[in-house]
Amino acid sequence: SQTIHQWPATLVQPVGSPLSLECTVEGTSNPNLYWYRQAAGRGLQLLFYSVGIGQISSEVPQNLSASRPQDRQFILSSKKLLLSDSGFYLCAWSGQGVSKNIQYFGAGTRLSVL
Amino acid sequence: ELKVEQNPLFLSMQEGKNYTIYCNYSTTSDRLYWYRQDPGKSLESLFVLLSNGAVKQEGRLMASLDTKARLSTLHITAAVHDLSATYFCAVDPTSGTYKYIFGTGTRLKVLA
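Protein sequences, first through last, are from chains A and B. Taking my numbering, the leading residue of the first sequence gets 1, the next gets one more, and so forth. Taking my numbering, the leading residue of the second sequence gets 1, the next gets one more, and so forth.
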């Protein structure tokens, strides 16, 4: 069966510090991968998605970047965090093809920028 | 601008009562998803609706899709406390990339 791992679960970082969040998927190959952010009490905002290694699409101009160095690894980064980067970050994956279009979410990383 | 709107945003209901959450979207799509999120937790997939007229049921929850009206409903029957959570609908408006647009969410509280 497929599983998705996200870490760390919680992170407190000072303004101006770098960020690296990692997400890995097991039990499937060539998944679509996604990074979302959820502000407190709000809905989900799609930040990045990837349909293959090295293929990253950015949805919202911001202080963040994403990379996919391996088929099942998706990394969210920032060189200098802003206060507004605080939130709940969720990684998700879906299969390829219309019949595999459900997105499955990781446990999330709660980021507080102080 | 693509919009997915849910109402109500907040819902407090007594155990045993019935209620419906509505999800309206502004773009053409024949794929709609419902998720549940418990406080501080991730999202759990509830229903996948892939065509006009699709109806799915799981326990006390039933979801339906009307693509012509661009409307999905999540009906709760005889609510119990364990259903307390935030419910999100999501629409995939772009064929092939599965880029969901999430609704605003409905925070449901079932009172014992």
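Accuracy of the hints is not assured; some may be wrong.
Residues from chain B shown here face chain A by an in silico Cβ test under 7 Å; the list is partial [stated by the list, open to error]:
1. S42
2. L46
3. G105
Pair by pair, the computed Cβ-Cβ distance ranges are [unchecked claim]:
4. G27(A) x E58(B): 18 to 28 Å
5. K109(B) x A39(A): 13 to 23 Å
6. S12(B) x N30(A): 36 to 46 Å
7. S26(B) x V60(A): 12 to 22 Å
8. S29(A) x F10(B): 36 to 46 Å
9. T10(A) x N24(B): 15 to 25 Å
10. A9(A) x S12(B): 39 to 49 Å
11. M62(B) x V60(A): 16 to 26 Å
12. S51(B) x K79(A): 42 to 52 Å
13. D66(B) x P8(A): 39 to 49 Å
14. S1(A) x L50(B): 15 to 25 Å
Source of the hints: derived by calculation from the structure; they are not laboratory data. All values reported here derive from a predicted model rather than from experimental measurement. Heads up, the beta-carbon is just placed ideally off N, CA and C, and yes, glycines get one too.
Here is how each hint holds up against the structure:
no.: 1; hint: S42; verdict: holds (5 Å)
no.: 2; hint: L46; verdict: violated (10 Å)
no.: 3; hint: G105; verdict: holds (5 Å)
no.: 4; hint: G27(A) x E58(B): 18 to 28 Å; verdict: holds (24 Å)
no.: 5; hint: K109(B) x A39(A): 13 to 23 Å; verdict: holds (21 Å)
no.: 6; hint: S12(B) x N30(A): 36 to 46 Å; verdict: holds (44 Å)
no.: 7; hint: S26(B) x V60(A): 12 to 22 Å; verdict: holds (19 Å)
no.: 8; hint: S29(A) x F10(B): 36 to 46 Å; verdict: holds (42 Å)
no.: 9; hint: T10(A) x N24(B): 15 to 25 Å; verdict: violated (35 Å)
no.: 10; hint: A9(A) x S12(B): 39 to 49 Å; verdict: violated (30 Å)
no.: 11; hint: M62(B) x V60(A): 16 to 26 Å; verdict: violated (34 Å)
no.: 12; hint: S51(B) x K79(A): 42 to 52 Å; verdict: holds (45 Å)
no.: 13; hint: D66(B) x P8(A): 39 to 49 Å; verdict: holds (42 Å)
no.: 14; hint: S1(A) x L50(B): 15 to 25 Å; verdict: holds (22 Å)
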